[in-house]
Amino acid sequence: MIVLENVTKIFPRTRTGKAVAALKEANLEIQPGAFLVITGRSGSGKTTLLNLAAGLTRPTAGKVLFHGEDWWTLPDRIRSLERARKIGFIFQFPSLLPSLTSLENVALPAFFDLSEDAREAYTRARELLCSLDLGDKLGAYPRQLSAGQQQRVVIARALLGRPELLLADEPTSDLDDQTECEIMELLKRIHENTRTTIVLVTHSTQPVRYGTQSIHMAAGQVIPGPMAGDDAVKLL
Amino acid sequence: MDVYRFALRNISGNPFRCLVVVLCAGITAGMLLASTLILLGAGQSLSKAIHRLGADIIVVPESAAAQVESALLLGHATNAWMPAAAVGQAAVVPGVQAVSYQIHLATLKNASCCTVSNMFLMVYDPETDFVVTSWLEKNLGTGLGLGEAVGGSNVFTPAGEKNIKVYGYPITLRGNMEPTGTGLDSSLFLTLETALEIARESVIRAEAPLVIPEGSISTIMIKVRPEYDIGSVARQVAARIPAVKALAAPEMFQSQRAELEGLRNGVILLLVITTGFSLVLVGLVFSMALNERRRELGVVRAIGAPRSFVFRTLLVEAGFLGFQGGAAGSAITILALILFRRLIIATYGIPFLTPSLPMMMILIAGSLTGSLSGVLLAALIPAYRISHEDPTIAMRE
Chain S
1 MIVLENVTKI FPRTRTGKAV AALKEANLEI QPGAFLVITG RSGSGKTTLL NLAAGLTRPT
61 AGKVLFHGED WWTLPDRIRS LERARKIGFI FQFPSLLPSL TSLENVALPA FFDLSEDARE
121 AYTRARELLC SLDLGDKLGA YPRQLSAGQQ QRVVIARALL GRPELLLADE PTSDLDDQTE
181 CEIMELLKRI HENTRTTIVL VTHSTQPVRY GTQSIHMAAG QVIPGPMAGD DAVKLL
Chain P
1 MDVYRFALRN ISGNPFRCLV VVLCAGITAG MLLASTLILL GAGQSLSKAI HRLGADIIVV
61 PESAAAQVES ALLLGHATNA WMPAAAVGQA AVVPGVQAVS YQIHLATLKN ASCCTVSNMF
121 LMVYDPETDF VVTSWLEKNL GTGLGLGEAV GGSNVFTPAG EKNIKVYGYP ITLRGNMEPT
181 GTGLDSSLFL TLETALEIAR ESVIRAEAPL VIPEGSISTI MIKVRPEYDI GSVARQVAAR
241 IPAVKALAAP EMFQSQRAEL EGLRNGVILL LVITTGFSLV LVGLVFSMAL NERRRELGVV
301 RAIGAPRSFV FRTLLVEAGF LGFQGGAAGS AITILALILF RRLIIATYGI PFLTPSLPMM
361 MILIAGSLTG SLSGVLLAAL IPAYRISHED PTIAMRE
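Chains as they are written, first to last, in the working numbering: chain S, 1 to 236; chain P, 1 to 397.
In isolation and in its complexed conformation, chain S is listed as follows:
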């Protein structure tokens, strides 16, 4: 599904004026149906890898292929459409739009895909929110929700387009232990029920047990994790 070929990402300017190599000649293949957990310390390049996989940022060197096609040979409109249709995002930080209700936040990605029907999008968003026990929060704004509720709305948004790939960037970092468990169980359930490919990035080793594979990252390099031998993940 996703192939990284000799991918290097250098951020040219930082506040110190020095270029930072966030990822160094990474080679990785993620097969459909995997639940890959990427662990590593802050600054190890996990989030950069996730963003590269989603075609959000252009690699400094190397190629990132999505279904065999280089993200960066596609025009922005097509790249964005592919993301809206096939990729769901769960961010580490509060990522709901403050001026939209829960229902509108969840339905939002559908409006970037002009082929989507608005009524259908709202119906699906409502169903998703109800299935995540947020049926009574459809009209609530993000500021009216707890951190855990907000993250469940984000998960609902990520699932709206029945994505092939779910990218989760430290989705539980701001949550208490109980809510963290609930969110991880939810992701596991989604993976088991829908066979959606999930790539989860975390600085903790706890979530590794929820995944089917894992890799570790350090100083911008990919290192095989405890379950890296699985067929679904290949370190090329």
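Hint data in this document are derived by calculation from the structure and do not stem from the laboratory. All residues carry an ideal CB built from backbone N, CA and C; glycine is no exception. Take every hint as true, because none was put in to throw you off.
Per the computed footprint, the stretches of chain P lying under chain S, defined by three or more beta-carbons under 8 Å from a beta-carbon of chain S, are:
id: 1; stretch: 9–16
id: 2; stretch: 297–303
id: 3; stretch: 306–320
id: 4; stretch: 384–392
Distance condition first, Cα-Cα at most 20 Å in a straight line; then the derived SDA-like pairs of lysine to any residue:
id: 5; chain 1: S; residue 1: 63; chain 2: S; residue 2: 78
id: 6; chain 1: S; residue 1: 18; chain 2: P; residue 2: 396
id: 7; chain 1: S; residue 1: 86; chain 2: P; residue 2: 307
id: 8; chain 1: S; residue 1: 86; chain 2: P; residue 2: 306
id: 9; chain 1: P; residue 1: 162; chain 2: P; residue 2: 173
id: 10; chain 1: S; residue 1: 18; chain 2: P; residue 2: 393
id: 11; chain 1: S; residue 1: 86; chain 2: P; residue 2: 309
id: 12; chain 1: S; residue 1: 18; chain 2: P; residue 2: 390
id: 13; chain 1: S; residue 1: 24; chain 2: P; residue 2: 393
id: 14; chain 1: P; residue 1: 223; chain 2: P; residue 2: 240
id: 15; chain 1: S; residue 1: 63; chain 2: P; residue 2: 390
Use these hints to put chain P onto chain S, whose structure you have.
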């Protein structure tokens, strides 16, 4: 949810930014509309005043030429006289087709014998007049009889009264002329016969008598034959009649035109400064607001919004705010111009005629377009920059 609804929801989430942008757009639109309205209204008013005076050349006493011009525009009688014999002298100048004269009088100030205090009375001779008479024939079908008058557009008979009292003499108002935006709109036009009757009666009816100096007139009105040059005929008239100034109609109201020109330059400078300042401020506010929203916009891009969607959303937001500000600014400007019309006239010493409704609509549309374009222009660079930024960098902020 389309771009427009999405933009509207974003606007409602940031009241400070909205207020600043709406204010800037309002000031730009208001300035644009006010300056255009005043300059256009004043220019139109001068043209209408010349047309209303209806002569190719107006001869006035040399010593009081400027005062007479100003008096005609602002509707105040002056105490400037010249000998009536000058009419005959003007009539024989080659190129003169018709000659008439006017006597300028005024009602008493704060006197119970005069319905309107200090009202400008323009007296004409029906035997020779070619200005008021033609208007009367066209609009009323007949000339004015004894005790009758026509008024400017602002003259009316008070409620419950049958006539207007001038030095205690009842004057019947036969009709009103079209507005010119000048003092002529508050003036009364009457025949020499009526004026002399008022003067006679005023001795017993008024608090003070109306005095018309015998053998004196205020202005001479000259119509020039079409084949003659107005300017050269005016020069000949001035050369033949001592102590007068012959003003060719196209050259009349020079001091007011100069005032208008000065005002125009000042207004343009002020407009450039205000618009420039507003554009910079709107640009800064947009940049600040977009910097605050970088992460949010990065998320929107990450979940599937193309650059064009983000760019259009931001421009639509700017457009909504620009339009709101422009509409509010235009509405306030029009209200202020209506309320402070007299103050503007008094301050600048220029007449002002409110443009017609279609012209007003065009000017409002123009000022709205101006403010809208300004806000869009100011938002263009920040919107382009943020929509083309790498979403991962935007989300990291």
